[in-house]
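Novice: If you read the protein sequences in the order shown, they are chains A and B.
Quick note, this note's numbering runs 674 ahead of the 1-based positions in the first sequence.
Quick note, this note's numbering runs 22 ahead of the 1-based positions in the second sequence.
Keep in mind the hints are simulated off the structure, nothing from the lab.
C-beta: ideal position from N, C-alpha, C; glycine also.
Keep in mind that the hints are not guaranteed to be accurate.
Residues on chain B that point at chain A, a partial pick, calculated with CB under 8 Å [said to hold, decoys possible]:
no.	residue
1	M87
2	L95
3	E102
With a straight-line Cα cutoff of 16 Å, these simulated EDC-like cross-link-like pairs (lysine to aspartate or glutamate) come out [stated by the list, open to error]:
no.	chain 1	residue 1	chain 2	residue 2
4	B	K86	A	E710
5	B	K86	A	D714
6	B	K98	A	E718
7	B	K84	A	E790
8	B	K84	A	E685
9	B	K86	A	D708
10	B	K98	A	E685
11	B	K35	A	D773
12	A	K680	B	E102
13	B	K84	A	E783
Chain by chain, the residues:
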Amino acid sequence: MEQNDKLQRLELFEAEALGFSGQLFRVALRVCRDRERAEDLIQETYLQAWRSFHRFEIGTNLRAWLYKILFNVHYSEVRRGRLELAPIEETIAETIAYDPPTPQQLTEEEVLAALERIPRDFQVPVVLADVEELSYREIADALQIPLGTVMSRLSRGRKLLRMELANYARGAGYQVAN
Amino acid sequence: MKPPVVMDCQNFKELLDSYLCGELAVETNHSVLCHAERCCACRGEMSARRRLRASLRSVCSKEKMSDRAMESLREKIRSEAGVGAGAARTGDGGGRRGRFAGLFKVWLLTPAAVALLLGAALGLYVLRRGGSDDAQTQRRLSPEQINALELSASLMADSASSHRSCAAHSADAAGPAEMPDSVREYDPACVGLDKVAAAGAGGLLLRAAHVCKFGDRKFAHLVYTRGGGPVSLLVTVRDYRALKSGAPPPFSGLSLGPQRFTLDHIALGAYQTLKRIVLVASNLPEDENAALAESLARPVVEHLRKAEAGAGLEEQGGRTMRIEDRGSRIEDRVIALKAILDPRFSIFDPRH
Chain A
675 MEQNDKLQRL ELFEAEALGF SGQLFRVALR VCRDRERAED LIQETYLQAW
725 RSFHRFEIGT NLRAWLYKIL FNVHYSEVRR GRLELAPIEE TIAETIAYDP
775 PTPQQLTEEE VLAALERIPR DFQVPVVLAD VEELSYREIA DALQIPLGTV
825 MSRLSRGRKL LRMELANYAR GAGYQVAN
Chain B
23 MKPPVVMDCQ NFKELLDSYL CGELAVETNH SVLCHAERCC ACRGEMSARR
73 RLRASLRSVC SKEKMSDRAM ESLREKIRSE AGVGAGAART GDGGGRRGRF
123 AGLFKVWLLT PAAVALLLGA ALGLYVLRRG GSDDAQTQRR LSPEQINALE
173 LSASLMADSA SSHRSCAAHS ADAAGPAEMP DSVREYDPAC VGLDKVAAAG
223 AGGLLLRAAH VCKFGDRKFA HLVYTRGGGP VSLLVTVRDY RALKSGAPPP
273 FSGLSLGPQR FTLDHIALGA YQTLKRIVLV ASNLPEDENA ALAESLARPV
323 VEHLRKAEAG AGLEEQGGRT MRIEDRGSRI EDRVIALKAI LDPRFSIFDP
373 RH
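Using the sequences and the accompanying hints, generate a full structural model.
Specialist: Structure, rendered in C-alpha cells:
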C-alpha cells in the first residue's frame, strides 16, 4: 500500500512538477550563468522537491514552491563555497539617474546581449517578473528578500536593460525617442 | 502603492512596468490608462515596453535543458523514489502502461479505490449538473485555489491584441461567415463554433470565423459586430501560460464564473472549462461586455464542457489537466494573409 502511494505520488510529481523544469532552468541559467551548473542546480532542486513533495499541499502554488526550493539550494551552494558569490553591484545601479526611453526597434540578439550585461542581482528579478510572470510577492518569497527590495531591484534592473538597449540602438542608428 | 493624484510622464514611466505586470491597484491602472490616452509619447513608450517584454520572453524561452540532462533528472528522481529502473525504463510508454495496469488491479481490491471511484463519480455528477452548482463549488475553493485560476496578463494581452487586429480586418467583411471545418486541426471541439454560439448571439452579426494566431497563442475566433462596433468570441487552450500561477489547476474554472478585465480600452470577459478558455472581447464598457459575455459565451462553454466530458476529461481525484495540455500540436503551416497592426499577427488556414 505504501509502495502504491509512493508510485502515485511519483506519477503526480512527474506530471505536475517536472512541467516547470523549462521555466526553472531558464532562471537557473540566469543565476548560474553556466549551462552545466544550471542543470546541476535544477537536478538538486528537483531531488529536494521530491523529498518534500509529501508535505506539499495539492492545489497551492506549486510553481512558487519550486522556485523557493531552487533559490534555497542556490543559497546553500553559495554558502558552502561551491558557487562564487556575485559581488553586490548596487552601486552601479545607484548611479543611474537618467531613465532612457525604450527603443522602438530591437532584435532578439540585442535584447539577450543587453540582458546578459545586467548584474545578476537585477537580472534575476527582471526575468522572474517579465519572462516568468511571477508576482512581486512570489519573487520576494522565492528570493527571500523583502518586497520593497524586489521592487527596487526590478526598477533598477529594467532601467539598466533600457539603458543597454538604448546604447545598442544608438550604435545601430535606430530611432530612440527623447 | 498609492496612485499619484495627477499622473505626469515621470510617474507614468515609473509605474508602467508594474502596470504591464498587473501589479497595480485598479485605480492606479485607471490613472495609467488615462495618462496614456492623453500623451502620445507615453503611448509609444507603452508599446515599446510591451514589445521588449515579448522579446525577452521569446529570447529566454529558447533556452532549454538538454535531453540528456532531462533524462538524467527523471532517472535520479525515480531512483530516489526507489522505483526500479526496470519498471520505469522498459520503453517510455510501455513501461508506464505496464506499471499502472498492475496498480489498477491492486487498487480495485482496496477500499481506497472504492472511495476514489465514488469521489470521481461525484465530481462527474457535479460537473454535469452545470451552472447551478457553480456557487456551491466556489464556496469549497480556498482563496489559494481561486488565485490559482487567475488568468495571466499575457493571455489577456494576446486576446485583446487578437480582437483588435482581427476586428480591424474583419469588421467590414460582407458576412455571413461560418467556421471552416479545417478548425478541426486546431481544436475538434470548435467545429461548428458559429452555430453553437448562435444560441447566445442575438443582435450580433457574424462577420468572420477563423483560427488566428497572436504571438505563440492560437484562437478559434468569431468576429461579430453590434451597432458597428466589433465583438470577438475567442476560444483557446487553457495551458500553463494561460494562468497567472503558471500551473494547470486541478479543478474546473467554471465554478469561478467570469473573470473581467479591461486592457487598452478593450473589455474582456473570460470563462474557463477544464481544457479551454472562452473570452468575449469588445470595445464596450466592462459591465456591458460582461453582460454580453454571459449570453454569448455560455452556450459555447456548455458545449465545450460536454465535449470534454465525452473525451473522458472529468475531474478525477482532484486533478485533471496534464502536461500534454500545454499547447496545440497543429503544425504551423501559416499563410499570413495580412500582417495587421502588429507584425506578429497572422490569420491562417490550416488546410493549406
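Novice: Hints first: check each against the structure and report whether it holds.
Specialist: So, going through the hints one by one against the coordinates:
Checking B:M87 against chain A by beta carbon gives a least distance of about 5 Å; that is within 8 Å, so the hint holds. The closest approach between the C-beta of B:L95 and any C-beta of chain A is roughly 5 Å, which is under the 8 Å cut-off, so the hint is satisfied. Look at B:E102: its Cβ gets to within about 6 Å of chain A, closer than 8 Å, so that hint holds up. Between the alpha carbons of B:K86 and A:E710 the distance comes to roughly 12 Å, so the proposed pair stays at or under 16 Å and holds.
Taking the CA atoms of B:K86 and A:D714, the gap is about 14 Å. The hint holds against a cut of 16 Å. In summary, the hint linking B:K98 to A:E718 is supported, as the alpha carbons are separated by about 10 Å, within the 16 Å threshold. The straight-line distance between the Cα atoms of B:K84 and A:E790 is roughly 15 Å, inside the 16 Å bound, and the hint therefore holds. Annotation: proposed proximity of B:K84 to A:E685 is violated, straight-line Cα distance about 27 Å (limit 16 Å).
Taken as a hint, the B:K86 and A:D708 pair is honoured in the structure, with Cα atoms around 13 Å apart against an allowance of 16 Å. A C-alpha spacing of about 14 Å is found between B:K98 and A:E685, which places the hinted pair at or below 16 Å, so the restraint holds. With a CA separation close to 9 Å, the supplied pair B:K35 and A:D773 stays within the 16 Å bound. Restraint check for A:K680 and B:E102: the C-alpha separation of about 11 Å stays at or below 16 Å, so the hint holds.
Distance hint between B:K84 and A:E783 is fulfilled; the C-alpha atoms sit about 12 Å from each other, no more than 16 Å.
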